[in-house]
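**Student:** The task is simple: from the sequences and hints, build the whole structure.
Start counting the sequence shown at 75; every next residue gets the next number (this note's numbering).
Where hints are given, some of them may not hold.
[As the list claims (entries may be wrong)] Simulated crosslink set (SDA-like; lysine to any residue; CA at most 20 Å straight-line): (1) K98 to F108; (2) K100 to A118; (3) K98 to I77; (4) K100 to M75; (5) K100 to Y119; (6) K98 to E126.
[To be verified] What follows is a list of derived Cβ distance ranges for each label pair: (7) Q107 to V132: 14 to 22 Å; (8) E137 to V115: 35 to 43 Å; (9) T92 to E116: 30 to 38 Å; (10) E138 to A114: 28 to 36 Å; (11) D81 to Y119: 15 to 23 Å; (12) E116 to T136: 27 to 35 Å; (13) E138 to E116: 19 to 27 Å; (14) H111 to T90: 15 to 23 Å; (15) A118 to E138: 16 to 24 Å; (16) Y119 to T86: 16 to 24 Å; (17) H111 to E137: 15 to 23 Å; (18) Y128 to G91: 20 to 28 Å; (19) P122 to T86: 16 to 24 Å; (20) M75 to E116: 31 to 39 Å.
These are calculated hints, taken from the structure and not from any lab test. Each residue gets a CB set at the ideal place from its N, CA and C atoms; glycine is no exception.
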Amino acid sequence: MIIAICDGIANTIYATGTTEEETKAKLWDLVHQFLYHANAVETAYYSPTELEDYFGCVVINTEENPAGFLRG
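**Tutor:** Shown next as structure tokens:
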């Protein structure tokens with residue numbers, strides 16, 4: 075399982091999936107929905123690539139790294 079967490083937003087937004095590409099696609103769709111409903115004028119209509127460049131994300135493969143802390 076892959077977990078992707080949006081790194082540059084105050085709210086915790088994350089997605090899970092079986093591949094990194096699938097997981098990141100889900101993540102940026104969730105981030106887009108959040109920004110749209112929050113009326114974030116500047117970023118609400120960014121493409122997934124623009125969102126990733128602007129906010130960044132942490133991707134964790136739980137099969138390679140099955141346990142640990144994400145943040146201190």
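**Student:** All the hints need checking, so say for each whether the structure fits it.
**Tutor:** To see whether the hints hold, each was checked on the structure:
At roughly 15 Å between alpha-carbon atoms, K98 and F108 fall within 20 Å of each other, so this suggested pair holds. Simply put, K100 and A118 have alpha-carbon atoms about 16 Å apart, close enough for the 20 Å limit, and the pair holds. For the given pair, K98 sits about 9 Å from I77 by alpha-carbon distance, which is consistent with the 20 Å threshold. With a C-alpha separation of about 14 Å, the suggested pair K100 and M75 falls inside the 20 Å cut-off, and the hint holds.
Taken as a hint, the K100 and Y119 pair is honoured in the structure, with Cα atoms around 16 Å apart against an allowance of 20 Å. With a C-alpha separation of about 9 Å, the suggested pair K98 and E126 falls inside the 20 Å cut-off, and the hint holds. Between Q107 and V132, the C-beta spacing of about 20 Å keeps the proposed range 14 to 22 Å intact. Here the CB-CB span from E137 to V115 is close to 40 Å, well matched to the stated 35 to 43 Å.
Range check, T92 to E116: about 33 Å between beta-carbon atoms, so the 30 to 38 Å window is met. Checked against the hint of 28 to 36 Å, the C-beta distance between E138 and A114 comes to roughly 33 Å, which is consistent with it. The given range of 15 to 23 Å is respected by D81 and Y119, whose C-beta atoms sit roughly 20 Å from each other. Here the CB-CB span from E116 to T136 is close to 33 Å, well matched to the stated 27 to 35 Å.
Separation of E138 from E116 is about 35 Å and departs from the stated range, judged on CB atoms against 19 to 27 Å. Evaluation of the 15 to 23 Å hint for H111 and T90 yields a pass: the beta carbon distance comes to about 21 Å. A beta carbon spacing of about 34 Å between A118 and E138 contradicts the range 16 to 24 Å that was offered as a hint. At roughly 23 Å, the beta-carbon separation of Y119 and T86 lies within the given 16 to 24 Å, and the hint holds.
For H111 and E137, the Cβ-Cβ distance of about 33 Å falls outside the hinted range of 15 to 23 Å, so the restraint is violated. The hint said 20 to 28 Å for the Cβ distance between Y128 and G91, and at roughly 21 Å that hint holds. Hint check: P122 to T86, Cβ distance near 19 Å, so the stated range 16 to 24 Å holds. For M75 paired with E116, a C-beta distance near 33 Å keeps the hint of 31 to 39 Å intact.
Checked against the numbered hints above, the structure violates hints 13, 15, 17; every other hint is satisfied.
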